[in-house]
Amino acid sequence: MAGRQSTTKKVSKQQANASSSPKKANVSNNTNSSAKRKAAPLSDSTPKRAKGGKAASKPTGKAGAKAGKASANADSSESEDDESWAYGAVSQSDSEGEDMEDDFVSAEEGSDIEVGQLDDDFLGDEFAESDEEAKGEGADMFASGGESEDEEEEEEEDIFASNSEDSDDDDMEAKSRKLDEAAKAQAEAAEAELQTNMALEDDKFVLPGDDHESLQSTDLQVVLARIQEIVRVLNNFRDLREGNRSRSDYISQLLKDLCLYYGYNEYLMEKLFYIFPVSEAIEFFEANEVPRPVTIRTNTLKTRRRELAQALINRGVNLDPIGKWSKVGLQVFDSPVPIGATPEYLAGHYMLQAASSFLPVMALAPQEHERVLDMASAPGGKSTYIAALLKNTGMVFANDANKDRTKALVANIHRLGVKNAVVCNYDGREFPGVIGGFDRVLLDAPCSGTGVISKDASVKTNKSEQDFQMLSQLQKQLVLSAIDSVDAGSATGGYIVYSTCSVVVEENEDVVNYALRKRPNVKLVSTGLDFGKEGFTRYREKTFHPTLSLTRRYYPHMHNMDGFYVAKFKKLSNKIPAKKETEADADDVEEFTPISEDSDKSSDKAKAKAPKVTFNADEDEGLIRASRAKLLQTQKGIKLRPKKSSESKP
Amino acid sequence: MRPLTETETKTFFEKLAKYIGRNITHLIDRGDETFCFRLHRDRVYYVSEDVMKRATNVGRDQLISIGVCFGKFTKTGKFRLHVTCLDYIAQYAKHKVWIKPNGEMPFLYGNHIVKAHIGRVTEDTPEHQGVIVYSMTDVPLGFGVTARSTSDTRKLQPTAIVVFHQADIGEYLRQEDTLF
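Chains as they are written, first to last, in the numbering used here: chain P, 1 to 650; chain L, 1 to 180.
Bear in mind the hints are in silico, worked out from the structure with no lab data behind them. Fair warning: this is a prediction, and the values are worked out from it, not measured in the lab. Hints may contain errors.
[To be verified] Straight-line Cα separation of at most 30 Å, DSS-like style, residue types lysine-lysine; simulated pairs:
no., chain 1, residue 1, chain 2, residue 2
1, L, Lys75, P, Lys403
2, P, Lys403, L, Lys18
3, L, Lys96, P, Lys391
4, L, Lys94, P, Lys391
5, P, Lys407, L, Lys53
6, P, Lys407, L, Lys18
7, L, Lys15, L, Lys53
8, L, Lys115, P, Lys407
9, P, Lys575, L, Lys53
10, P, Lys271, P, Lys407
11, P, Lys302, L, Lys75
12, P, Lys403, L, Lys53
13, L, Lys100, L, Lys75
14, L, Lys100, L, Lys10
15, P, Lys407, L, Lys78
16, P, Lys391, L, Lys155
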């Protein structure tokens, strides 16, 4: 931008030069250094004076300039106009030039040429070497006004120092004028800048229509700028909205831009976008582009964290404890050796494990001698953590539906020295059928992985609405079988932890809420994790059970760990209350049978039996009549009728 | 999953005895819990009775592993000890070899141990004796079979092989697909 401006400046100056006297043309044309060299001989007399003292230089400067002033005046003023018109944005650098002039020009409106001469000479002599830079600075000053002011001050000081006393009054006057004009010029410049900026911003404000779409896709920088602009508008919508554009206009454009900039598909983008406030959503997407820190978990079955840290530091690994919330976690900053292949790793002293996957196990808090089920366990980070907390007592059932992944699971279990594990390969939904009565169950459900986009960016594009439906369906089934696999009568346990590495509500709160609805014999309890955001109790059009605030959400941009969700249930009784069952049945049945006929269960059954018997006999109308008659009968005497019908049939 | 037959037990124990000798009894008669060996898909697992009984609920096809895998029977009926049993046999090992830090990585990549890498050796280790290999910090790294007795080793060149490689913990990475 600056480059373009400087060229236009040059051009306009040259135009001005053409009409002014040649000498001055040379002088004022000091935008390039060649012109500067030409100007040098002329500056012989003036610059020194300029340097030596302003009062002394003033007359000469005026005189020297005056010659061409008359002739040049018109043109120059025009050129000045030209310039300001051509590069309004640079006007500050211009004004700076004017300030310098003002040192020399006392009161009258300085013609540009005059000014230019002195200015240039001054510059030419003192900054001959750095002329180009000085010009460059002009552009910089445009950005940072403060600097230019500093320079002015310095010059002023110089001038003051060299001023003789006799010129004091004159100088004061000049100076005050100078200051006035400087202020004016600055104000003008600022206004001009504002104008141009506003013009620019206006451009951004205008939401592009549909026909612009081909243009949009060209430049990511433009898209980013637009994203920021829209976010700014949305954050202060009342004041910044443009005309009659609605919020949804802005949001739909923002969603399109975000899709383009971060490479999500539109469905997923929409899903993720509404989880957060607007600016937080951007942070979230931004955090998904940055990898999370590498973390390891000390295997307390084999070593202690301090010993492990010492051993790894001896190998040159740079690490730190992960945080106050975990006593076994270490965060690895950098390592000269592959952290997944050190002798300590092979000896099972630690496990490479994301910080977020500590959380569900910490929430589960297994006690020694308990029987724990991990329903979807591969590659075994959480299962081995459970075993470590059990200290190899009790037993761990590590299940995974994918047979290939069980290899890694078995390898990790053996490497970490877990001796009480049973590894099996079932679909989790079969579970209470295979074996039940567990003290605790951990269900780290298969999920869309929207919390770990920084690890696996393919999620951005390959998840569709159907995937989400299938996953949440599966999760709902799994959570029910997880609940059913727990023994509520367990002395120490009876807990279920449900977790996903997703941030989408459909896979989290929705599933937990569903479990609460379907299994009234469980309730949500505190996860025991003292950080993380509370789960939603309401989200867009959905309202959830109020206890969902006991669940915890984790976000990459907030906690610097993968996006995660943890909910902890306590099972109160092994019986699924019958009331709930019938309600559920009623819900299903209602769709097919008229509600008005509900009287009580026995009569329902009676009816169900009775029609079967009588329907076999006759035509439809007859049947209807008969059934009406039966209805009347049932209202009179219920018990007699089914017997009659059953007797009558054979 | 079934208990081992007579012959299987014999082959298995013979192999195991090369490393831990009579300490096998410690594996069978433990003070705390009753443990047992179970065969599942040619592999021998060492597991507590409690866990084993629970695991009988799991179908044969779906059961992948229980407790700790000690090794597997080959198709020819021999027994091959896996590195996964290292925890137990390191606990009851009779003869040990410690290797220097510069010898750790070569051994973990599956190489035999040369004399230059030996830090310490249990005295009076005979030839062709199963030994457990430790790092100098007492971390078990694997096991092997001595090529020479301790006394013969003294006369050897530094580059001569002293312990033949049998299994090492590097196999967790190298042979993850075939080991289990």
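Against the structure, the hints come out as follows:
1. A C-alpha spacing of about 23 Å is found between Lys75(L) and Lys403(P), which places the hinted pair at or below 30 Å, so the restraint holds.
2. Between Lys403(P) and Lys18(L) the alpha-carbon distance is near 34 Å, which puts this suggested pair outside the 30 Å criterion.
3. Using a Cα cut-off of 30 Å, the hinted pair Lys96(L) and Lys391(P) holds, with the two alpha carbons roughly 27 Å apart.
4. At roughly 27 Å between alpha-carbon atoms, Lys94(L) and Lys391(P) fall within 30 Å of each other, so this suggested pair holds.
5. At most 30 Å may separate the alpha-carbon atoms for a hinted pair to count; Lys407(P) and Lys53(L) meet this at roughly 23 Å.
6. Restraint check for Lys407(P) and Lys18(L): the C-alpha separation of about 29 Å stays at or below 30 Å, so the hint holds.
7. With a C-alpha separation of about 27 Å, the suggested pair Lys15(L) and Lys53(L) falls inside the 30 Å cut-off, and the hint holds.
8. For the given pair, Lys115(L) sits about 36 Å from Lys407(P) by alpha-carbon distance, which is inconsistent with the 30 Å threshold.
9. Only pairs whose Cα atoms come within 30 Å are accepted, and Lys575(P) paired with Lys53(L) is accepted, the gap being roughly 26 Å.
10. For the proposed pair Lys271(P) and Lys407(P), the alpha carbon gap of about 35 Å is over 30 Å, so the pair is violated.
11. About 34 Å separates the Cα atoms of Lys302(P) and Lys75(L), which puts this hinted pair outside 30 Å; it is violated.
12. Pair hint Lys403(P) plus Lys53(L) holds up; C-alpha atoms about 23 Å apart against a cutoff of 30 Å.
13. Proposed proximity of Lys100(L) and Lys75(L) is contradicted: the alpha carbons are some 37 Å apart, above 30 Å.
14. For the proposed pair Lys100(L) and Lys10(L), the alpha carbon gap of about 36 Å is over 30 Å, so the pair is violated.
15. A threshold of 30 Å between alpha carbons decides the hint, and for Lys407(P) with Lys78(L) the separation of about 24 Å falls inside it, so the pair holds.
16. This hinted pair does not check out: Lys391(P) and Lys155(L) have alpha carbons roughly 46 Å apart, beyond 30 Å.
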